[in-house]
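Enquirer: Each chain is listed here by its residues.
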Amino acid sequence: MIRVEGLKKNFGSLEVLKGIDYEIHPGEKIVVVGPSGSGKSTFLRCLNLLETPTEGSIWFDNVLITDKRIKIDPVRRHMGMVFQHFNLFNNLTILKNLTLAPVKLKLQTKQEAEENAMRLLERVGLADKAHAYPSQLSGGQKQRIAIVRSLAMNPKVMLFDEPTSALDPELVGEVLDVMKGLAEEGMTMVVVTHEMGFAREVGTRVLFMDEGRILEEKPPREFFENPGHPRLKEFLSKVL
Amino acid sequence: MILDVSGNMEGAVMQWFDTVKTDFISSFITGDRWRMFLQGLGVTLRVTFISALLGLALGILLAFMKISKKSNGKRTVFSFIAGIYIDVIRGTPVVVQLMILYFAVLASVNNKMLVGSIAFGMNSGAYVAEIIRSGIQSIDRGQAEAGRSLGLSSRRTMQYIIIPQAFKNVLPTLGNEFIVLMKETAVLGYVGLMDLMKTGSYVVSKTYRAFMPLIGTAVIYFVVIKIFSLLLARLERRLQKNDSR
Ligand SMILES: Nc1ncnc2c1ncn2[C@@H]1O[C@H](COP(=O)(O)OP(=O)(O)O)[C@@H](O)[C@H]1O
Ligand SMILES: [Mg+2]
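Going down the list, the sequences are from chains A and B. No gaps in the numbering here: position 185 of the first sequence is 185 in my numbering, and each next residue is one more. No gaps in the numbering here: position 100 of the second sequence is 100 in my numbering, and each next residue is one more.
I should point out that these hints are in silico values taken from the structure, not numbers from a laboratory.
With a straight-line cut-off of 27 Å between C-alpha atoms, the simulated DSS-like cross-links for lysine-lysine are:
#	chain 1	residue 1	chain 2	residue 2
1	A	129	B	168
2	B	70	A	68
3	B	168	A	96
4	B	69	A	68
5	A	156	A	106
6	B	69	A	104
7	B	69	A	71
8	A	18	B	74
9	A	8	A	18
10	A	104	B	168
11	B	70	A	8
12	B	74	A	71
13	A	156	A	104
14	A	156	A	71
15	B	206	B	183
16	B	112	B	183
17	B	70	A	71
Bound-form chain A, shown alone (with noise of 0.2 Å):
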């Protein structure tokens, strides 16, 4: 679904990603872990070009979308982000926070679009937030929003960036649920986290990433019984 090939990013000088190889199968749900500042927000960044490569090439569903001559916005659609800091769009309600892009992009009318937001929004729970401002939730409600909201795109994967690392404890767990919902429907996820739980629970891989490279890749049980990179052993042993 996604192939990464000899991925890198230099900012300015600094050299972030320092080639990246990996393939993304359909119904994969992928864990990327690592230490802070290793590359693992740019790396989901680059995939949907939030971030342009300086060097390598991404295929998604078999278009090159590195090439220049493609125009990235349609790609877009079919890649739904969830950010660590929400970034709901805090001049529309909750119910436009959801139907703007489907409306705008002429995907659905109106209608069909706050038809299918309400349905979204029942099932994180938060149908009574509709005509609520993002102002005026919990950080825990507004990221179950900022995933029902990509959701409303009908995207064909999901990226998430630390969707969990801006909340009290206390909120992480329902939006962690909102999200093991939505891997048992068989959405092809990306994840970075710190939440070693998810990673084991519901990760299919799990990705170690440090210092601009991956380090080590291994299904979920191999990967925390099993850890073969120095440096990996070294991460696990702070973090668990």
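Once you've looked at the hints, dock chain B with the ligands against the given chain A.
Expert: Chain B with the ligands in isolation, oriented as in the chain A frame:
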């Protein structure tokens, strides 16, 4: 004795009142001078409104020019032009700009009010541009990224997400710019326009009394500006209520 003193006091106060009354009459009543003040205020208000509109239009244009970037992240030629324009306007006194425009650049245009409005519009545009630019850039980058990640184009993201938030944030500052603009138009007399200030000094030259016409001028400016700032505060409160964020 005591009665005498108070009698003298009373006399002095009465005398003072008489002078003030004579002053007031010669400044505002004689020859229907209050009409001149009203006309002067009309000129001030018209130039202020026209130049505020010009300034807003120019400011929006300049702001977008200034933040425009090439796909490789470098500034465009438009960005440079806007930057230089804003720099020059903000780095020179408005009265100099007004006189250059009136006596040199637009010397062939006979309509003083028009030239005055263009001069102040060009001046205000530079300040409005900076207000709008900083308003747009103060919106968290995550807002734009969320829009783009949903497949919205950068133009649509601007239109539906960034601009509405930025506009609301800068409205108080724009209102303040309007008030500053009105006060700055007091130099219109330099190009022979009979605005409120010029009317005040004309009456001084006729009555040979400085106090009353100038205080009158100040009071009129103050009252008008107070009205605008109260209206502005109300508008702000209404917007705040519209969506509680
Ligand atoms: N827009 C940017 N400009 C400059 N440096 C950046 C930018 N984004 C990230 N970096 C740098 O790239 C490195 C990797 O960042 P990031 O991908 O966010 O790491 P992680 O998500 O693993 O914590 C860090 O050193 C960070 O400071
Ligand atoms: Mg990160």
